[in-house]
Amino acid sequence: MIERPGRQAVIGGLLFVLCMAVLLFLRLLPLSTGPTGWPGPDIALCLVLAWVLRRPDQLPALLIVAAFLLEDVLLYRPPGLWPAIVLLGSEAARLREARWRDQPFMVEWLRIAILVGAMMLGYRIVQMLFLLPVPALGQVILQYLATVIAYPLVVLGARWLLGLRRIGPVEAERMRHAA
Amino acid sequence: MANRGPDFATPIRRVLITLLAILLVALFLFWRIDSPRAERMRTGIIDRLVPGFEWALVPVTRLSQMVSGFQSYARIYEQNQELRRELQKMQAWKEAAVQLEQENSKLLAQNNVRIDPALTSVTGVVMVDSGSAFRQSVLLNVGTQDGIVEGWATMDGLGLVGRIAGVGQRTSRVVLLTDPSSRIPVTVQPSGERALLTGDNTALPFLDFIEAPDNVRPGDRVVTSGDGGVFPPGLVVGQVAQGSDGRMRLRMAADYGRLEFLRVLRSHPAELVVDSGAPVDAAQASDPLSPGTRADD
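The listed protein sequences correspond, in order, to chains L and R.
-12 is the number of the first residue of the first sequence in the working numbering; add one for each residue after it.
176 is the number of the first residue of the second sequence in the working numbering; add one for each residue after it.
Treat the hints as calculated values from the structure; they're not laboratory data.
Some clues are possibly wrong.
To be verified - Reference excerpt, derived from the structure (chain R facing chain L, CB under 8 Å, subset only):
id	residue
1	Leu195
2	Ala213
3	Thr236
Don't be surprised by glycine CBs; every beta carbon is placed ideally from N, CA and C.
Using the sequences and the hints, build the whole thing.
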């Protein structure tokens, strides 16, 4: 009885790792080499934010950082910068999770849109400050829009496939006592 | 207070998160300051990791290629007709090519031209499409153990694809021409105009620093110029095309849609002609093997 929440957290964490591995794997497949006109949504970011807002107990920050750092290394991005921003963004969402819990989904979506926008803007500003090559603004905006549009789909998908749901007040109470 | 969740924001946790963020930023700064070393670490990790995934990557890639191959069965009749027509045209071209070949060899013999014999190649298979939305690069399954050296040119059957940047023991990275960091000196063929082929993350990289843009017309052939000694000169890159923004862009000869087998050209650094007025170094003159060849690696 005492053991259950802990074990659930471990299973949730494993599921998250599995999801990130599958996403990265699909991204790496050499199917459509060459430039794509439409930079697709950052599904991994959507998944992290959706997960943090639903089951923050299953997702230690270290796991998020490790997943994004691996992505950085494999996808030829400057290592460390995007994971740091994702860490800050997910922590911001995690701190507000309790307050946002009872509000309708539209409000959550709007907040996520603002958060993701701030993260991408921050990333771009740091890239500019450090004189790194900056991707074209139009493409970044397209990616931002795609990510925001993909968020509800990721939430629905995670709900159906992984059973990712919000913690109810009763459960939260129980977990607080167990912790 | 009843619906406040479990208290995740304890002070210790906050300190640890801050530490983690600082660590990540430090990693980024390290990469920014000592980029070569960080990139070596990156290739080391990729070298360790990616070949281990080959068992999973290969079947999935094959399968999806088979599916797309199956889809093309639907159009097989039209394709067959098309191919027949093209074959007829090709016969005529072949005749012309044979004649030209003969003429060419005759002229070469007359001129006593020595075509660069050092241009051999290593063929690698594309393992992983490792670009993100904003970087364009692929990983090959050949590395230092196959003698790959940073900076070598990479072609598919038809034209230039990119340049090797980052070599591991068993893998190497090819930065494609469309990558924003790719800059290749090229020559536009009939006019001999020099330009810099600059990737900008679109399908058609643009030609920068053209001295006399009037001499460059859509349809002109573009080859590498060999300036800077990085690439061998004369590799086919593509054709000039005018972009919708009015800029001169390049339609690449290489088939970027399906990069599967790539040839890495073993190019040796061109011998530099420097300071022809100075007296010849006696040691160098006596040893005919020393310039240009690198016996130590």
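field: Restraint check, 8 Å cut-off on beta carbons, for threonine 236 (chain R) near chain L
entry: At about 6 Å, which falls below the 8 Å cut-off, the nearest Cβ of chain L leaves the hint on threonine 236 (chain R) intact, so it holds.
message: Does alanine 213 (chain R) hold up as a contact with chain L if the rule is Cβ-Cβ below 8 Å?
response: Holds. Min distance 7 Å.
task: With chain L as the partner, please determine if leucine 195 (chain R) meets the hint condition of a C-beta pair closer than 8 Å.
output: 6 Å, holds
Checked against the numbered hints above, the structure breaks none of them.
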